[in-house]
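Asker: Sequence:
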Amino acid sequence: MKVPARHGLKPRNPYALLAGRRHGGSHAKGPGARRQEQQRALRRSLREQE
85 MKVPARHGLK
95 PRNPYALLAG
105 RRHGGSHAKG
115 PGARRQEQQR
125 ALRRSLREQE
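Everything in the sequence shown is counted per our numbering, starting at 85 for the first residue and increasing by one.
Keep in mind the hints are simulated off the structure, nothing from the lab.
You can take every hint at face value.
Simulated restraints on C-beta separations:
(1) 120 <-> 98: 37 to 43 angstroms
(2) 103 <-> 125: 35 to 41 angstroms
(3) 132 <-> 109: 29 to 35 angstroms
(4) 134 <-> 102: 53 to 59 angstroms
(5) 120 <-> 94: 41 to 47 angstroms
(6) 121 <-> 101: 30 to 36 angstroms
(7) 130 <-> 109: 31 to 37 angstroms
Glycine included, every Cβ here is placed at the ideal spot set by N, Cα and C.
With the hints as constraints, model all of the structure from the sequences given.
Answerer: Have a look at this one:
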């Protein structure tokens, strides 16, 4: 009689766990995101002035 294999013993990609631990975190916003944020802030300030 065969014993069922446990799939949790061997990961598909052994480097994925290590890469997940050393991920870079959040990156700096690009120029488009900064421009959109400035546009939102301008619209918000104009709405508050009315």
